[in-house]
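First to last, the protein sequences are chains A and B. For the first sequence, this note's numbering assigns the number 1 to the initial residue and increments by one for each residue that follows. For the second sequence, this note's numbering assigns the number 1001 to the initial residue and increments by one for each residue that follows.
Simulated from the structure, these hints should not be mistaken for laboratory data. We treat Cβ as the ideally placed atom computed from N, Cα and C, and that holds for glycine. One or more of the hints may lead you astray.
[Unchecked claim] Quick look at which bits of chain B chain A covers, simulated, 3 or more residues with Cβ under 8 Å: (1) 1045-1057; (2) 1098-1112; (3) 1125-1131; (4) 1239-1249; (5) 1278-1284; (6) 1293-1303.
[Stated by the list, open to error] Far from chain B, by Cβ distances over 10 Å, these chain A residues were calculated: (7) 1; (8) 87; (9) 152; (10) 173; (11) 281.
[What the hints assert, rightly or not] To give an idea of the interface, some chain A residues facing chain B are shown, with a C-beta separation under 8 Å as derived from the structure: (12) 91; (13) 95; (14) 217.
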Amino acid sequence: MLGQIVVSGFTIGAIYALIAIGFTIVFATNRLINFAHGEFVMAGGMLYAYFTGVQQLPIVPAFLLATALSGAVAWLVYQVGLSDVDRDNHITQVMITLGAGIALKGAAQVWLGKDTLFPPAFSGQASVAVGPLTVSSQALWIAGGLLAFLLALHGLLKYTRLGASMRAVSIDHYAATLMGISPGRAAAMAFVMAGVIGGAAGGLLAPLASTHYDNGIFLAIKGFAAAIVGGIGSPLGAVVGGLVLGLTESLAAGYVSSVYKDVVSLALLLCVLILRPQGLLGQVLPQKL
Amino acid sequence: MSSAIDRRLTLLLLVVLPILAAITDNNFHKSILVFGIINAISAVGLCLMLGLAGQISLGQAAFFGIGAYVTSNLVIRLGLEPMLAIVIASCCAMAVGWAISRPLSRLHDHYLAMATLAFGTVMYIGFANGREWTGGLDPGISVPKFSILGADLSSMNALFAVAWIVLTLSVIVANNIAGHRIGRTLRAMKMSAPAAASIGIDVVQAKSFVFAVGALLTGLAGGLYAHVARSFNAGVFGVGYSIELLMMVVIGSLNRVSGAITGAFIITALPILFDRFEDYRTLVFGVTMVLIMKFMPTGLVDGLFSLGARLAAGRRG
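With the rest of the complex left out, here is chain B (with noise of 0.2 Å):
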């Protein structure tokens, strides 16, 4: 991660978004390209943590539903500035992912992924069921429309500027952590705990460290979603979109953001692909994230840049 070509992708992704998005005069095709943007934020939260760190989480969707109804919440109920009242409600992601790694951080792998597992599960139902707050399955949510000091922001190429100013500001965090200290401690912590520890990296502090980033990352993303989808329910919130989420990682890179921001636009993109074939979606997902594993173990994106860089040595050699 933060190598120089990933660092030249990511320029050239971020580049690119809006080149897109002025070409397109689609709504619809607009819209798609605002949500792979959020869900490009949470993707690089889930890069840092597991790319870097090593660690396994699926229970992001929480983190994106706190995100959600605490931005939500705070506009409706409170009448708070929407941008203030997204980065209030990160902040409150980011404490409880800081809070719950804390209690995690004896647990590695299996059982920390089941431990994320049930905490997603644990907030799903809580989000499903506190309809007072949250609207449940059934109303669900509505959020105003989006706005900065009273200047109203709710055209689509609009909320396409903000998002992509976010999505700016989260790689140069992703890329300033793990070009640091701190990025160096993680990687340590990746390949062995112990023996980070036996040279005095605090691994506990270490772990929540990164678990309140993801957190803040994908909690970020959340209130972006709440203002962009303006009326959703707690179904969005389920396990499927922390396996969603791990999908993109896992298609794009694990290594790399530009990997994560590539994945997620994949991701994303396939409602459009698959628009005939929506009931084959799941297999053909868990099919795919099987293979990519087993062949590609770093990524779909960075397998084949590696593989293209194998064949080019091999014709010149």
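Pulled out of the complex, with its shape left as it was, chain A reads as follows (with noise of 0.2 Å):
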């Protein structure tokens, strides 16, 4: 019993820490709350339920196009809501990302439809017994495309030029941009980074949870409480704060009630608010006046 209440908890967790990344980046080069980042996720896994079931397109070409257009839609995000917006003007960023959070549910809605879909798994095979366990096969490849993603997020942070410009900005955003780094670039870089981690985690859920072009907000209240939880602005801590996030739900669902395990959830997060907002491993920032 335990041992299976583990494995789904570190399966649903390793999505929030997939969902949380995204936050982590767009917060550490914009200083902002990406209210639409849910709709990333929910647009990988409704464009990943579409691609396979409608345009009857094999697994693997249908989960990379979702994956690439939830980038794509990142980008026009930012381009088009927050590029030219003063970055200490924080309503209005908080309005900006929510309007365009609903927007793209409302397009889901027109065009994906609305009825809940149930794409195919990735791999024919449900389930593997892994010792005295049963893993499904979904959930080796979320903890797959989680280890991926942290691998290739690594290299690109640390070894392209690209990533340094980014980790400039977000050390210092002006004086990245004296060393004539462009932030608005790195800002951009991050949205598509969010879009296409976020739609990878979607397309990753999708066959497990199913997927509806309504479910956006609650993907991203998790994912932020994964973020808060881990101590935003770092990506190991987005991991860190997605596992403890999903265990903790799996064994309020186990032991608790399966009703109110998103209280309890939730309850974390306002709990780590309130009594350590920097996250379990986030250090506090001097506060400028």
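Please assemble the complex out of the two chains, which come individually in their own frames, going by the hints.
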């Protein structure tokens, strides 16, 4: 029982971690919380279902297309909505990303339909026995996806010029500008990466949990909770936060009540926000007045 | 907020509403007016929080729900006088608003928005699953006819009158808050919380004050909603309503009470205009919100006003 709960907790936790990474990258370079982020995840899931269902594409191209399109959508949100908004105008940023999220939800409703979709899993075999536990094959894909994205992200941030410029912008946006780095480009790239990783999370999750145009905001709250629990701004924090959140939720569903598992995880978010706003792995940044 | 123009516009709106109600004999249109007033009361509350004090809240639906469910339960279970039930319910909403704002007072902007969104979601899950008290999503809850001291006031005309009086009172409260010392305190806090604290303003107290007032007004609207709708389920109190309220303030004005009321009526009346395009509603909503925030960050009606003023000045000059 406990083993099975831990496995399902880590599965959903890996999805939360992928969503949280998107929040974290965008926060690091833009200093904003992207309220449209959940819709990128929703778009990934819905597009994957659309390409496999309506267009009858094989699984690999369908997944890649869905992921790429979510990245493109994220880029569009940044370019149309945020590229010329003042960095310090937080309320306007909240409203614009919120509005963009609502628009994406509406677009999915109009063009991809209002039905709950159940796209096919990545491999035909439904589940694998690992020792005494049964693990669904999709869970292994999710774990692999998280690992692959983490390695790719690490490589990109550490060893490429673009990654270096993004790190510079996240440390000091003004100084980076003086060194000839375009903060707008770093910010746009952060959105694209958030869109791609979020879209992939949506596509990976859809075969396990189905997909619907309306579940974006819910995934966003969970992903944000994971990012905050781990400490926003650090990708490793996002992973730790996601796994902690997934495990908490799964334990609550197993031992308390599956109805109130979301209440438990959101209560965890509120507790961390109140008691340790910098998160488990975050550092306190000095506040400039 | 609370400028002379704003007060005159608000007065104008409050005078026009009964005239509109008198000339429509269509009960559906009249009910839109009543729901418009209810939304306007909520929107005035959010306008105080966001426009005056700069405190964003994406959890207003929770206060609306507390108002509606506490009222319903008091009336159904204890047979309380409906108006008294509404007052008690809005006090409950106010207490919750005050209590939630204390721990959240360290947060601002993005974090506050997410935390209130999480609060709203938790409350929604509670409303949907606390079936013993709320009837959940199905079958929902049914409330007896509205009456005051035994006199049946359940006709649309009577409900309109009651809602209109409550709106008028809310507007008076909002204007008084905005025009007095506490209003200046809140405005100072909006501009810079540390600067406000440095001149001796108790920021935590100011924040919980404005949260409590916003929750009170929204709870009041929820109590009225319960008596006007009479039969409803938890679906009403989801995140969607919080976002719709935000839209009302954004469409109207972040700085004027009259704008919040106008925005509330525009959003409430939209279903009539979008009758055939119901599916496109969400899409249009979102795109409109982005465009307004980009080009008229103080609100659509506000933006059109200042545009008009600029054009008029240009012609004169």
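Ascending list of hint numbers which this structure does not respect: Hint check: nothing fails, all pass.
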